[in-house]
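Chains as they are written, first to last, in the numbering used here: chain A, 1 to 367; chain B, 1 to 367; chain C, 1 to 396; chain D, 1 to 396.
Note that these hints are calculated values from the structure, not bench results.
Ideal Cβ positions, reconstructed from N, Cα and C, are used throughout, including at glycine.
Check each hint, because a few of them may be wrong.
[Said to hold, decoys possible] Partial chain D-side listing against chain B, Cβ under 10 Å, derived:
hint, residue
1, Ala122
2, Ser124
3, Gly144
4, Trp148
5, Ser385
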Amino acid sequence: MTDLLYSDVEEDLRASVRALLVDRSPAPRVLARVESDETYDAKLWRTLAVELGTGGLAIPTEYGGAGASFREAAVVCEELGRAVAPVPYLGSAVVATATLLAAGGTALLAELASGTRTAALAVPFATGPGAPSTTVAVTGGRLTGAVRGVADALPADVLLVPAGGGLYEVEARDAVREPVTSLDQTRQLCDIRLADVPGREIATGDGAAAAVSAGLTAGTALLAAEQVGLAEWCLQSTVEYMRTRYQFARPVGSFQAVKHRLADVWVGLTQARAVARYAAACLATGDPDTPVAVALAKAHCGPVAVSAAEECVQLHGGIGFTWEHPAHLYLKRAKADAIALGTADQHRAALARLVDLPGPLVEGEAA
Amino acid sequence: MTDLLYSDVEEDLRASVRALLVDRSPAPRVLARVESDETYDAKLWRTLAVELGTGGLAIPTEYGGAGASFREAAVVCEELGRAVAPVPYLGSAVVATATLLAAGGTALLAELASGTRTAALAVPFATGPGAPSTTVAVTGGRLTGAVRGVADALPADVLLVPAGGGLYEVEARDAVREPVTSLDQTRQLCDIRLADVPGREIATGDGAAAAVSAGLTAGTALLAAEQVGLAEWCLQSTVEYMRTRYQFARPVGSFQAVKHRLADVWVGLTQARAVARYAAACLATGDPDTPVAVALAKAHCGPVAVSAAEECVQLHGGIGFTWEHPAHLYLKRAKADAIALGTADQHRAALARLVDLPGPLVEGEAA
Amino acid sequence: MPEPLDAAAVQARVADFLAAHDPATTDRLEFLRARFDAGLAWVHYPPGHGGLGAPLALQAGVDRAFAAAGAPSNDPRRIGIGLGMAAPTILRHGTATQRERFLRPLWTGEEVWCQLFSEPGAGSDLAALATRAVREDAGWRVTGQKVWTSGAQLARWAILVTRTDPDVPKHAGMTYFVCDMTAPGVEVRPLRQLTGDAEFNEVFLTDVWIPDEHRLGDVGDGWRVAQTTLMNERVSIGGGPLPREGGLIGVLARTWRERPELRTPGLHDTLLRLWVAAEAARLTGERLRQQLTAGQPGPEGSAAKLVFATLNQQISGLELELLGDEGLRHDDWGMRRESIVDFAGRSPTYRYLRAKGNSIEGGTSEILRNIIAERVLGLPPEPRSDKDIPWKDLPR
Amino acid sequence: MPEPLDAAAVQARVADFLAAHDPATTDRLEFLRARFDAGLAWVHYPPGHGGLGAPLALQAGVDRAFAAAGAPSNDPRRIGIGLGMAAPTILRHGTATQRERFLRPLWTGEEVWCQLFSEPGAGSDLAALATRAVREDAGWRVTGQKVWTSGAQLARWAILVTRTDPDVPKHAGMTYFVCDMTAPGVEVRPLRQLTGDAEFNEVFLTDVWIPDEHRLGDVGDGWRVAQTTLMNERVSIGGGPLPREGGLIGVLARTWRERPELRTPGLHDTLLRLWVAAEAARLTGERLRQQLTAGQPGPEGSAAKLVFATLNQQISGLELELLGDEGLRHDDWGMRRESIVDFAGRSPTYRYLRAKGNSIEGGTSEILRNIIAERVLGLPPEPRSDKDIPWKDLPR
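Taking the hints into account, I'd like the entire structure generated from these sequences.
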């Protein structure tokens, strides 16, 4: 059976990422940043990617990466979720990296591994399971079109653009990137416009589709890990508040209804951890069960994170509803994450196909 | 706006039905009866139908009925639900009566009004919204076929049988009625076999379909009323137990999680009452909103009654899981009622059509 | 005591009044003041205080008649706290002078009211509040911090609950005042919410002087007076009859109908469940109104706000998932100084976020469930240690 | 202390044992007794008591090796209470004589055990129990009523908790015994459940004499001893690894696949949600097993039974709605005297009804949530009044 635990190496990795984030990206700083002009924290990202070397965890050593796997990268995502950190890890070190790996590896992969450049896959962040439809056309090697609501593209140097049946590397400076007022303030989306822009083709036909699919699959699995970390912060901070907040001369956490709800959050979180670990482990080993594991992870972890964040706001009462308290950053990311890379509903539909639980026969269809 | 309250007449009716049931059909007696050979209480039914005159509430005075409506009959159903009374009121005084009324009225209607005979519509109790398919054939005025899982047919004198595009009155003694070991022990179903049995045709073609539909519609609306009464018993008995059962030197009902769950049951019940009243009122006045009202009532009241019964068993703890305590009779009826005349799911699907909230377009269908 | 007026008699008075005061030509404020003086402001109030001592049920007909005549309105949404909470409290617990002074300009909207109840340390447990009022000469010096005050920046007056005796159990040592919001020492700071808006305020009171004649009720009787206020807060949430799909479910249903490409089988099931829940809630509200009209007020009102909050949260949550891509976009994070919640007019993300407040503001859903369980169902209270010890000794 | 044996060493002992005791020709009981004596019964138990002091994780391999060799089994399902609850308690709290006397016939199945803990007035609050044990000569006279005793009609011995001192707080006045189920005064009556079956019993104890050498642990120390029993009850629920769709979800999925005519879009959504929940629970169980194997026991075990109950109830509830017509039919209301719950082998209605017990038996879901909240999350306990007053003065 697949290993669902954390290795010592993974725990060390977690500790160093967490220490960095506690030091450099505490909640008040995140809140200040998302109200600034540059919502992504470039300096933090550089430290994380270059100094801690987490940018190339899933990249083989031949490209200068750490030669670990998406299992280890998932631990980073957990910590980034716990801190709602405004860095393009998911977009660059997971989605773009997995896309490039599947496309066969390019010079860009080495730049991602070394942290010198950052990339993003130019598909809408809400893209669900199944191939996304292309909205960019190619004429004579030049790309024209628009892609809405792309994650982690604002701080990217290179965009990976599915276009006209192929997959292209485009210099981000050649594209127009319009920042979007995003629900998740800690991961600001942008709309991308390409007007006759040069692109390097890195994959074609089925290879391009497979590369994009690999990127989205990895992104989905690791988004589940992010949801685990996020839910854990929500639960822990709520438990802490419930221990210390007195009403009716008792800690609020001594009331049974509060206890039972938090117990349910904990149960869901415990399961989310197992499920997300399973998805990351399948991804890392190329397990044939990966599609099931990934759909399961997103279908389960999304609702768990949303309900953890919703309970966090509710049980914090008035203070949880303020701008000043970080709970809302988690609520917004939880809800956005639940939509990103396909809703739980879409992933349940994918599971129905994968595990042979089809829907009702459509009238006229043969039994 | 439709009157959603109970009139004084209705409250008087409720009081007399309740007094009868408290006196003649307390829980231990119901439990003893459902373990006997005759699971229906014929004597109680006679008193209810004849002496209290509730059998003909919805039957016009010209047929010897009380000339009231299904609104008043709904109050009887609430009380019968509260007592899980083993009488064929729903089958005879509601479903069969509404069917006969729609079919144009026959001599049988007068017999139902006077309580001298009892009738049942021979369709499976689980029949959902939409016309049931006929499983009985007619040859030369004689009926042959089988109908499975019919409610209230065991104590019936006459069966109303949809067959070969028409609707027929069949003497029950001419049919073979095989008792079914039923989930709801207080409303035992039977399988009916008809082997070349004589029938009186009382409606044909569209008229027959409309009559059956009217019977099922009335049955569905009043089943919702039964669910209200049932849920109310479950809530009340649970509250009472929670007040008096001590654990940890406190009444169990003083624990907040218990309180909140019972508060939620109460909220659902309060809504169920409004919704069931609305359905009964629409039915009584022939309101064009009746199909919506009835589907809404069944979609809402079914789950409310089931969850009230489930909470009743759970919060009674060990004792609620015993045969000796009546909670299980309510659980079984609640779950059976939730399936009877269409599940909440089927009625939500009906609502989707009625209020223009269609499902996804099937592939290839025009937008 | 004379028989209360019936509908016909009240409508006759409206007709007489409109004949004497042409809405088209009478100055707005003059018209409203005259309407108040004619007892047609709130007909169930006593004569002399804007009413006729008539049944509450007749008010809706009066309002409709004035609206039909094109009469100016007192803009009830703008002055909701005054109408819904301050007025009934002043009527019940105020002196004749206080009623005389405050009720008319409150109803006409000349003076806006706000509410100074909640504190950072006293939310659900309002009786734990710490804002101190100390007697000084012919009045009181008040110091403390209040939160979640909507409209404080617009208000002329506030209803205020304070701690006047820390040495007795918490419910016994409170006193209720009318506070002049223009008095020195009153500082209003906007309080920003997770939507980005600042609908509410924090209000800091520093040695604010309140004359004793602005005390409402006896010294130490503040808890009982506050109950009147809070009971009316919950009642006022009911509102008028709602048409089918009148709430947020209508917004969602419209999107569903107009955007077939967004539909999925799974979301369809959830949509239908919510439609059923919303329609059940609507009919329950309608039944409650019929009970009130028939003079049979039931306990069902306790559930309305609880259900409303849950529905709004679930519906707006589903809307975002249905919209997918578009559900990731917000309209504006800027700090707006709105006092009115515009669910339908803002973005789906705003609805989702703002609805989170529905289960917190004006009594949390947890407290409402406690109330239903204890007051409606009669379940036993939690064991309590805070009722018999002096406020100052409470664990906090 | 010597190093514990590793997997290879243990397997070598199994091989040696099998070479010396041919499963095909050795008498069943003789084989089992010899296996016990060889320390291959439960390898984590100490030598001399059926074990080798080896890691618990090696047991599964031993069992597999014996099964592969066609060795007779001690039929663990039949003697689950002895294995899971009595044995660890006797091991931990029993005297050398008691361990010697009881463990071997317990493991071989020669003597079946049952558990006399719950009482009508002491369910979730076990420490409130009222069964009195009064000292008499060299033993005790026990009188009281116990409930929810499965297998009492088959049992030779029971583990029993009693009240020996009513004058001290409830946790302090309890004493734990081994009770001879064949002793005069022990009366077993079947207790019928809502399924119609009588899986359990009520056990009436009337002046039952128990020699003092059957006391387990000190007088007054019964609560602490019972904790060992209960902790092992919860752990033992884990069981072996489950394949995908291994639980009730598999039954439902099979029906779904084989009966396309029953499918609806709404039920499809619910089915998929439950499939996800069941698979998440399965992987969580797997992760827990890996943690235990790796010597990192986490608190996740507390959730397993809670989740199992909820899943069984939801899945069996959906199954009935899916089946419609057939869901209204039960298989048999007759009073069966079953001790084993056969979810898969009985009707869907049986599954639905029996699953209701899953959230009551062996610790209610409410108590499990309390435990998670207080012991795992560290939330503060309820205010309690029952810990410091004599048992006899408790409100009840």
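These are the hints, each one checked on the structure:
1. For the restraint placing Ala122 (chain D) at the interface with chain B, the shortest Cβ-Cβ distance is roughly 8 Å, inside the 10 Å limit, so the hint holds.
2. At about 5 Å, the closest approach between the beta carbon of Ser124 (chain D) and any beta carbon in chain B falls short of 10 Å, and the interface hint on this residue holds.
3. Evaluation of the Gly144 (chain D) hint against chain B yields a violated restraint, the C-beta minimum of about 16 Å exceeding 10 Å.
4. The beta carbon of Trp148 (chain D) comes within 6 Å of a beta carbon in chain B, closer than 10 Å, and the hint placing it at the interface holds.
5. Contact between Ser385 (chain D) and chain B, as hinted, is supported at the beta carbon level, the nearest pair being about 6 Å apart and thus within 10 Å.
In summary, the structure is inconsistent with hint 3 from the numbered list given earlier, while agreeing with all the others.
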